[in-house]
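Undergrad: Model the full structure from these sequences, guided by the hints.
Next come the chains, spelled out residue by residue.
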Amino acid sequence: MFEGRRLILFLVFLTVAVVFLGKLFYLQLIDDTYEKAADNNAIRKIIQVPFRGEVYDRHGKLIVYNTPVYDVYITPRKAYVADTNRFCALFGITRGYFDTVTRQARSYSRVKPSIFMKHLSKQDFARIQDAMVDYPGFSITTTAFRTYQSIAFSNALGYVAEINPNSLKEQPDDYYRQGDFVGVSGIESYYEDVLRGQRGVKYRMVNSNGVEKGDYKNGKLDVYPVAGQNLYTSIDIRLQEYADSLMMHKVGSVVAIEPATGEILTMVSAPSYDPSLLAGRNFSKYYQKLALDPLKPLINRPPSAYYRPGSTFKLVQALVGQQLGIISAGSVFGHAGAPVKCHVHTTAHNDLHNAIQWSCNPYFYHAFRKILYDGTTGDTYERSAQGLKRWSELVANFGFGRKLGVDVSNEKRGNLPTVEYYNKVYKGENTWKFSNIYSLSIGEGELVVSPLKMANFAAIIANRGWYIPPHLVKGVGPRRTLDPFYKNPVSVGVDAKYYPVVIQGMQDAVLHGTVGADGRIPDITMCGKTGTSQNQKGKDHSVFIAFAPKDNPKIAIAVFVENAGFGGFAAAPIASLIIEKYLKGRVDRKAVETKFMNMSYLANVVYNRPANRVKTDTLKK
Amino acid sequence: MSGSSGQLKSRIDWISVGLYALFVLLGWMSIYSAIYNPESPLGLTDAAFYTSNAGKQLIWIGTSFVLIMFIFALDFRFFESFAVFIYGLFILLLIAVPFLGVTINGSHSWFKFGSATIQPAEFAKTATALLLAKYLNDPQVNLGRFKDQWRAALIIALPILLIVGSNETGSALVFVSFIILLYREGLPSEYPSILLGGIFLFVSALMLEPLTIFLILFFFAIILVILMPIYLQRMWQTYVKMALGISVIMTLAMLVEWVVNHVLKEHQRNRIKVLLDPGFDPRGLGYQVTQSKIAIGSGGFWGKGYLGGTQTKFDFVPEQSTDFIFCTIGEEFGFFGVSVVVILFMVFLWRLMYLADLQRSRFARAYGFGVAGILFFHFLVNIGMTIGLMPIMGIPLPFLSYGGSSLWSFTVLLFIFLKLDSHRSDMLSR
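Line by line, the protein sequences give chains A and B. With the first letter of the first sequence counted as 1, position 45 gets the number 44 in numbering that gives the first Met the number 0; the numbers rise by one all the way through. With the first letter of the second sequence counted as 1, position 217 gets the number 216 in numbering that gives the first Met the number 0; the numbers rise by one all the way through.
Please keep in mind that the hints were generated in silico from the structure rather than gathered at the bench. Among the clues, some could well be false.
Claimed, not checked - Here are the simulated lysine to any residue pairs, SDA-like style, with alpha carbons at most 25 Å apart: (1) K111(B) - L99(B); (2) K22(A) - L195(B); (3) K111(A) - Y286(B); (4) K22(A) - F201(B); (5) K201(A) - K303(B); (6) K22(A) - G307(B); (7) K22(A) - Q267(B); (8) K77(A) - A47(B).
TA: Written out as structure tokens, the structure is:
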């Protein structure tokens with residue numbers, strides 16, 4: 000009886016088995032959400048951030064390194080503090096802080112570590128280290144702060160800060176995470192990729208309470224951190240400090256370059272700031288203060304500030320005019336007929352050499368007129384356009400109106416007026432002519448340069464016609480690699496034979512020309528040119544470019560002092576002191592040194608004008 | 000015809016014994032995997048091993064072997080003769096548990112003897128199967144008769160009531176599986192049909208709105224009317240019957256909702272909600288099912304390899320060695336592994352029912368179907384809950400799950416049958 004029921008029952012069993020296998024098939028082979036969820040469950044990524052590369056000066060002196068700091072973490076479930084008062088005394092915290100932080104940690108997670116105290120110094124850490132064994136549930140993680148050997152090299156160096164939300168969103172390769180540190184300006188930013196190294200990742204298995212249970216897949220997927228590479232800069236930190244001290248109480252820039260190599264010896268932006276202020280736990284406090292300072296200490300002026308070159312630009316005119324075959328060493332122009340005045344009324348300066356020595360405005364007015372009109376055809380409008388075209392093409396070779404490619408962030412291109420530029424400004428072709436743009440002849444008008452470009456220009460003259468793109472870093476990493484871009488000379492297209500007359504004029508300008516006695520170094524032949532950069536508001540900026548010695552030059556320099564007046568007064572003496580310091584290793588002219596260290600031009604500085612912005616519509620002056 | 004040991008050996012069904020051994024081994028391997036720590040693996044020589052689940056399970060397995068020896072040493076007539084006594088003993092134990100028992104894992108249903116703990120409810124299944132079989136062995140008993148159905152139901156109901164009384168609803172539900180035994184022994188087909196229909200109605204009542212159920216029923220009624228042979232007289236009677244049927248079903252459906260929402264306890268209601276809505280509260284009430292599905296689902300086809308699981312090993316799946324041991328197999332051996340387990344279970348059940356039908360005594364046959372039914376029910380509920388097809392109930396997977404009570408009770412349950420089976424030719428001579 001009922002033997003057939005065994006089969007019926009088994010069919011029921013089989014149905015269940017088939018349903019189960021179907022569901023299992025779906026779970027294990029079709030739906031992949033469970034696989035991902037499993038990894039999220041059990042695998043924890045541990046990030047290992049390597050130390051950032053160190054920075055050295057040209058003589059191997061350490062400028063920037065890392066100081067380890069210690070973060071204390073608390074794991075509430077494991078944490079046990081027998082005597083809270085003693086604990087607080089040891090850590091130097093209040094009872095209120097202890098209660099608040101432990102409560103926050105508990106509400107975040109009882110089993111995962113939360114930050115308890117940030118950025119303990121080595122000294123603090125040493126104090127608590129031994130006592131840590133008495134407090135289970137507290138763990139230490141090491142991170143590092145940038146530490147600076149010198150406070151003089153901050154603007155060009157830049158600083159390191161937590162990545163901001165925008166950069167986090169816009170990063171191309173998704174490397175950074177919230178809270179990561181990143182170089183913000185200067186070479187810290189430019190060389191970010193090599194300085195930061197490559198962080199490592201370790202995969203650990205964790206159980207449901209977040210407790211680690213061993214390496215995932217025996218560490219096969221782990222990535223070892225790659226240490227950041229050191230930077231060997233071309234900065235002479237002693238010279239940098241000296242230049243920085245000379246720029247106290249002033250707003251402006253100093254850039255010194257080794258002409259033969261394009262290596263930047265000194266790059267000072269004044270006023271500056273103590274870089275260690277931005278390297279610690281008080282970053283946001285000091286950053287606010289510095290960002291709101293009307294003198295803009297955070298800006299790196301040398302590659303980014305906008306100035307008119309003033310009379311220093313007459314050297315460009317002298318070189319370009321000769322190369323174009325329009326003027327020569329013997330060309331003579333008088334004062335008559337020029338809307339610009341000559342500062343020194345002697346009659347013995349009418350050739351090119353004397354015009355440079357005495358910075359004769361009418362001479363270059365006439366010379367520039369000739370550059371625009373000679374050999375060109377049509378009416379004055381058409382001839383101006385033809386002339387400006389050949390002029391601007393040649394001037395551009397000196398790096399004006401474009402970026403030189405220096406290795407700091409925020410380099411600005413400045414402005415070199417071209418035909419297209421004026422067509423735009425005057426709204427149409429053949430709407431402007433020499434009489435509209437003659438300010439260019441003496442380095443005013445729409446010309447905009449940076450101190451870096453002018454220092455590079457001084458190096459070009461020192462080299463008699465070529466330069467190597469200026470750079471702050473001469474080697475990266477243990478093999479001191481350097482981009483070939485910073486090794487290859489660039490010719491500016493003005494023949495070497497046109498330089499001697501200009502150089503002689505510069506030498507005489509220093510010896511018995513526009514440069515005063517404070518700007519002369521008794522035993523060094525310095526060739527220089529003063530400039531007086533006009534600006535919208537306030538007193539003129541004092542500008543000076545120079546190189547020394549005359550033969551086989553070792554240093555080329557540009558000094559800008561804002562609102563300090565005529566170039567020979569402030570900028571030239573400062574440049575001469577820096578050159579003396581660099582070439583002799585000491586300064587004998589103590590009186591001059593003291594005078595200019597203490598000199599202040601801040602009273603003249605117009606505060607409400609951003610230092611890096613000059614409107615270029617000063618045609619009707 | 001005194002059975003020498005050689006003859007006994009030849010009469011033991013080695014296929015069933017082999018499958019049993021395979022299940023036990025697989026279970027132990029999974030338990031070892033769950034305690035396995037890749038940073039400091041425990042070996043058989045470590046003292047700590049014997050305090051771990053895997054070590055303890057090894058002891059349970061060893062003692063199970065002693066139990067098997069003991070069962071085979073007994074006279075095969077013992078189980079039939081003492082069925083009433085055994086049943087009575089366990090009923091007494093179930094009565095005593097609330098007073099003398101201890102609480103383990105929130106369940107007050109254990110007896111403690113020294114360091115060993117025993118859950119009488121686990122063994123009450125065997126006792127009930129024995130008594131049911133003995134009752135049916137009486138040639139006078141006919142399950143087609145209401146009187147005998149009622150008596151059989153009483154035998155089953157008594158332990159159910161006592162177990163539900165000690166708050167072990169999951170264990171009590173296992174007794175439902177005796178319907179398989181009774182069905183094989185002649186229970187009219189209406190009973191299992193009504194049971195299945197009831198389950199179907201219960202689930203649909205919870206998943207569907209009453210109006211939807213009504214529309215479905217109405218739709219089927221209309222189809223029936225259309226298909227109805229036109230020569231049928233008294234159409235109105237049929238209509239009345241249909242209307243009556245629909246009203247009864249609708250009342251029941253609404254009753255189900257009312258029972259779930261007002262009679263069931265909070266945790267029972269939640270288990271049902273979790274089952275019906277897989278996304279329900281994945282961190283809280285749905286945590287077990289979600290983690291269980293993650294563990295199994297992450298296994299893929301071949302699994303992560305033995306000892307390679309991350310979910311079951313690191314405590315993400317709760318109760319990973321007892322009720323959720325199937326997860327470990329699913330994660331480490333993948334679809335391949337679980338298919339093998341499911342197929343082996345089917346082979347095993349088929350083998351048991353096949354052997355049962357070979358028995359010449361009704362006692363042994365009924366008991367055999369009781370064993371198959373209990374094992375199937377555990378298989379159904381345990382695997383079903385790990386993959387989200389059944390509500391979570393504290394029901395172990397036979398032979399594989401960790402735990403002395405569970406392993407011992409299934410061993411005793413199975414080997415009593417294998418003992419009876421080895422004497423099936425002796426039965427005839429009786």
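Undergrad: Taking the hints in turn, state whether each one holds.
TA: A quick look at each hint next to the structure:
no.	hint	verdict
1	K111(B) - L99(B)	9 Å, holds
2	K22(A) - L195(B)	21 Å, holds
3	K111(A) - Y286(B)	20 Å, holds
4	K22(A) - F201(B)	22 Å, holds
5	K201(A) - K303(B)	20 Å, holds
6	K22(A) - G307(B)	23 Å, holds
7	K22(A) - Q267(B)	24 Å, holds
8	K77(A) - A47(B)	24 Å, holds
Violated hints: none; the structure is consistent with every hint.
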